[in-house]
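Colleague: 935 is the number of the first residue of the sequence shown in our numbering; add one for each residue after it.
Note that these hints are calculated values from the structure, not bench results. Warning: the hint list may mix true and false statements.
[Unchecked claim] FRET-style restraints, in silico, Cβ to Cβ:
#	residue 1	residue 2	range
1	P1027	D996	18 to 24 Å
2	P1027	G963	51 to 57 Å
3	R1004	E969	21 to 27 Å
4	V1025	E969	54 to 60 Å
5	R946	A989	18 to 24 Å
6	G952	F982	35 to 41 Å
7	D942	D1028	23 to 29 Å
Heads up, the beta-carbon is just placed ideally off N, CA and C, and yes, glycines get one too.
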Amino acid sequence: MGRHPLHDLVRRRLWELGRSADDASWRSGFVLPAETIERMARGSGRSFISEGIAAHLARALDVPEHRVRRAAGLPPVQVPDVRTGPHLRLVRPDDR
């Protein structure tokens, strides 16, 4: 049986951030117990998270919610269309 993408995401992000399951639980606001996060990272058992938990897990892993939802197989959320302008202003030599 292959690994679940959610297990891979949790394990990889905990490793990249150098964060323990206890730290991730704290960052999720203790919505997810450390034991649950450890089990997800180990890949033991089946993974199922609800739509309400996805935002808390994303906060614990410092990733956008859509990455957690995609890895868990949840439907994507509608993100409002936000237009941003360039953060840099180009100055030409003749504009000085």
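Colleague: None of the hints should be skipped; say for each whether it holds.
Modeller: Hint check:
Checking the proposed 18 to 24 Å range against P1027 and D996 shows it is violated: the Cβ atoms sit about 41 Å from each other. Here the CB-CB span from P1027 to G963 is close to 52 Å, well matched to the stated 51 to 57 Å. The hint said 21 to 27 Å for the Cβ distance between R1004 and E969, and at roughly 25 Å that hint holds. In this structure, V1025 and E969 meet the distance hint of 54 to 60 Å, their C-beta atoms being roughly 55 Å apart.
R946 and A989 have their C-beta atoms about 19 Å apart, which keeps the hinted 18 to 24 Å range intact. Restraint check, G952 to F982: a C-beta distance of roughly 27 Å breaks the suggested window 35 to 41 Å. Look at D942 against D1028: about 52 Å separates their beta carbons, and that is not inside 23 to 29 Å.
Hint check: violations occur at hints 1, 6, 7; the rest are consistent with the structure.
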